[in-house]
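Chain by chain, the residues run as shown.
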Amino acid sequence: MEFRPIFLSIKHNKAIAMLVIIQVAITLTVLSGSLLMTTSTLKEWNLPSGIPHDNIISAEPQFYDLDVDVRQSVVDDLARIKALPGVINASPATQRPFAAQGAQQVYLEATEEAQEYDTNIFTGDINLHKVLELTLIEGRFFRENEIITGKRDELSSTPPIVMISENMAKVLFPDGNALGKTIWMEKGGSPAEIIGIYSNFMNGEQLNYFGQSYRTVLQPLVTWQNRQDPSYLIRVEKGMAEGLLETIRNELYKIDGRYVNRVEVLSRIQKRMYDGRGSQSIMLLVISFVLLLITAFGMAGLVSFLVTQRQKQIGTRRALGATKWDVVRYFMLENGILSGIGIMIGLILSLVFTFVLTEDSGVNILDMSYIFATAFFIILINQLAVYFPAKKAANIEPAIVTRAA
Amino acid sequence: MFAYNAKLAFKSLNDRPSLTVLMVAAIAVGLGLFMTMLTLGHQSGKIPIPHISKQIHLIQLDNREVTADDAENFTDMVDLTYQDANNLLNMDIAGAEQALTWNTYGILNVEEQDIQPQRSSVVATNHAFFNMFEVPFLYGKGWDSDADQLGQAVIVLTKDSNDYLFGGINSVGQQVRLNTQVLTVIGVLDDWFLARKFYDRSYSQARPDQALIPSNFAFNNDLPRNARFDCWSTTTNPRKFTTNYLTELKTSECAWITFWAKLPNNTKDDYQAQLGQYIESQKNLGRFPRENQYFLTNINDQLSIIGSMGGRQQMLGMISYMFFAVCLINAVSILLAKFMRRTKEVSLRRALGAKKRTILQQHLIEVIFIGVIGGLFGIAFTYLGLQAMLRVSLYASDYTQTAADLMPYHRMDWEMVMMAFSVSVGCTLLVGLYPIWRICNVSPASQLKAQ
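Line by line, the protein sequences are chains U and F. Numbering-wise (my numbering), the first sequence opens with residue 3 and increments by one. Numbering-wise (my numbering), the second sequence opens with residue 19 and increments by one.
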């Protein structure tokens, strides 16, 4: 192989060699950085929701007149909403799928040191599972007389029973048989027995980001607090959702002293949940693509310059019996060596870059396979960018040397 | 000679147009992304009310327990308790104006049946707020100190909420209801753009409040207190103070009220001395168990401590710098390739008596020209980039924010245009440094010998 002449020529053209190396190194850093960020943000992106989100409406009314009897108005609201044509069922709720607020904790022991398990606690009446169309996997659903209703700080007790999702059961009890076990909703609180396990559904952005999208707990509870009234989740006939939004809003305004915040289809909340991350990732991908184009064209420009500079050298080699392929291989090997050094430096830079990002965001996004794949891809693009100008150069007539002189 | 050199320079630009285009494109695209991120940072990092921002100080007193951690700057320090805020307001300090702010929320509604109620974020403050922060009024004016004392039912609406509730007319004297309480409109604000909403310490962008009311009115009617309560460890569950337990809160050691003082010129030392005395006097009452410690932080310092960019922008910013670097390195290669092709011609010119300076001039003209063209296209790309970022932000907010809300952060100003030009020309010169040095050092006739 022609390593010696390559090293000699690299030594001769130190500046250009340096440029290639730096360029490859930075390109690798930027590309692998944005690729890692994209994959980490898109990892839990657009997962199945587990519920018919196109046919569920959520409404968030709120009383500003604190003298209104919330208990009665919940009954009235539900009766009025269920009577609307197109509405199949409805339940009060404190959390909404795709938009569950924050993370709550459940524990397997009552002690102070008990391990925390992040989850989202959804509450509702006996219709909640019908609204969300959850399938029963084990045990049973709640019964009418088990629903506890009341103002939050006036409740005498929390429900002694809960249901958990299939995924939550797997997390809490990896060995199975979660049914009948006891969990605690707060440290030192009262225990609750698991009476049923249902099919998974999406909780919200926060847990989704940590790959815990399907951790949910259901409580048979309808509660409110001053200025925090129950929301409603409303299951409607297929295709009716958009048309019913205004009707439901007006229906809720029939009770005075309240404000109706958002009446929207769950699919819109789903869209909102993923949009920020989706658009950010697409932006990064576009930037990466442009960067790749620029690097490739730059490399091609550089090689065609090198080639024109060495026309005579190529002619000589050809005259001395080198095949066209020998010439092409020479250039590709030269570029390969330089890219290789660049990749080495780029690897170190990428690791530093990812480390900084991980420090900042607290989420570990490092995945060496992506960095190696990017490195391989950059070498491939570079080799292609070298191949065409080099092939053109190899077409030089061997006689050019003699002629020019 | 200059004209001749310029002619040569342009001829050379035309020589291999594809290389020229490639180089201009590399600079323009890199500059476009770079300037987009720089402009976003520049606009969101602007200091609100810059002409008085250095006089306006956030006041924090350390009333915490002995066991609390030491605070390095204002972000680690607690705000004021109700009693301290009240005591400071009652102190007579020459030349200083003081305002307290805290956030509450409620439903704004009017008698008019066809205007649906509006959920609103409301600032609870005192009369000094309007004067201190030079708040612009469209109609009417702020309330006076009597209204503060008595907790009168008066309200100042922002322009947007006046537009929504009253169709933009002069609504001074009209009545509006906050939840079930009836208040009289006493003033309507004009557009008041703050690059960062500093007064509630959110430093956020484009999340406006809808109205302002006297703090005492909010207390008298027990409106919810949307704040973080930093309490002593003896207080259990501080979050309960959000909607309840007002009497306990008023005498507690829970810090939660944001407090501002405008200290023009040389009143700061006096004010600090007074604060010191105040803390001493409170120590006698058994409060303030820690060493005297208080923070006066003006708006400029607050913003520089917090940093001008959010996480996501910072990340994109980092990428945009490296992206620009790759583009510039690319430009060096292309320029080198372009210039070195001309070795023969240059060595002939040198042999015929052209000075190094002449060669330098010719190539400088060429590089500067490329820089200017790259700058022009770069500005165009920046404009497109900002538009794209605006669209992305709107889409990501699910259109809950309007283009008008976000426009101030996605706008190029002359400062940025000039910046783009200087970055472009400066960087191309930097890029051209090595290729020009190489070409200027071609020795006369060296290339001719070989022929």
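Calculated from the structure, these hints are not laboratory results. Where a beta carbon is used, it is the ideal one built from N, C-alpha and C, also for glycine. Hints are supplied without guarantee of correctness; some may be wrong.
[As the list claims (entries may be wrong)] In silico lysine-lysine, DSS-like type, Cα no more than 25 Å apart, as pairs:
1) U:K153 with F:K258
2) F:K374 with U:K16
3) F:K258 with U:K314
4) U:K394 with F:K374
[Said to hold, decoys possible] Just a sample of chain F residues kept apart from chain U, beta carbon distances all over 10 Å, derived:
5) A89
6) P135
7) M333
8) V435
[To be verified] Restraint-style ranges between C-beta atoms, simulated for each label pair:
9) F:G63 with U:E188: 34 to 44 Å
10) U:A85 with F:N149: 52 to 62 Å
11) F:N149 with U:D120: 23 to 33 Å
12) U:Q74 with F:N255: 28 to 38 Å
13) F:I386 with U:Q311: 57 to 67 Å
14) U:Q315 with F:I324: 23 to 33 Å
15) U:K16 with F:T418: 28 to 38 Å
Against the structure, the hints come out as follows:
1. A C-alpha spacing of about 15 Å is found between K153 (chain U) and K258 (chain F), which places the hinted pair at or below 25 Å, so the restraint holds.
2. Among the hinted pairs, K374 (chain F) with K16 (chain U) is consistent with the structure: their alpha-carbon atoms are about 24 Å apart, no more than 25 Å.
3. Taking the CA atoms of K258 (chain F) and K314 (chain U), the gap is about 85 Å. The hint is violated against a cut of 25 Å.
4. Between K394 (chain U) and K374 (chain F) the CA atoms are separated by roughly 35 Å; this puts the pair beyond 25 Å, and the hint is violated.
5. Taking the minimum C-beta to C-beta distance to chain U, about 23 Å, the non-interface status of A89 (chain F) holds against the 10 Å cut.
6. Consistency note on P135 (chain F): stated as away from chain U, yet its beta-carbon is not over 10 Å from all of that chain's, at 4 Å minimum.
7. Distance to chain U contradicts M333 (chain F) as a non-interface residue, since its nearest Cβ pair spans about 7 Å, not more than 10 Å.
8. Distance to chain U confirms V435 (chain F) as a non-interface residue, since its nearest Cβ pair spans about 23 Å, more than 10 Å.
9. A beta carbon spacing of about 42 Å between G63 (chain F) and E188 (chain U) agrees with the range 34 to 44 Å that was offered as a hint.
10. A hinted range of 52 to 62 Å for the beta carbons of A85 (chain U) and N149 (chain F) is consistent with their spacing of about 56 Å.
11. Judged by the Cβ atoms, the range 23 to 33 Å given for N149 (chain F) and D120 (chain U) is violated: they are separated by roughly 48 Å.
12. Q74 (chain U) and N255 (chain F) have their C-beta atoms about 30 Å apart, which keeps the hinted 28 to 38 Å range intact.
13. Distance hint check for I386 (chain F) and Q311 (chain U): the Cβ-Cβ separation is about 26 Å, which falls outside the suggested range of 57 to 67 Å.
14. With their beta carbons about 59 Å apart, Q315 (chain U) and I324 (chain F) fall outside the hinted range of 23 to 33 Å.
15. At roughly 56 Å, the beta-carbon separation of K16 (chain U) and T418 (chain F) lies outside the given 28 to 38 Å, and the hint is violated.
In terms of the numbered hints stated before, the structure departs from hints 3, 4, 6, 7, 11, 13, 14 and 15, listed from lowest to highest.
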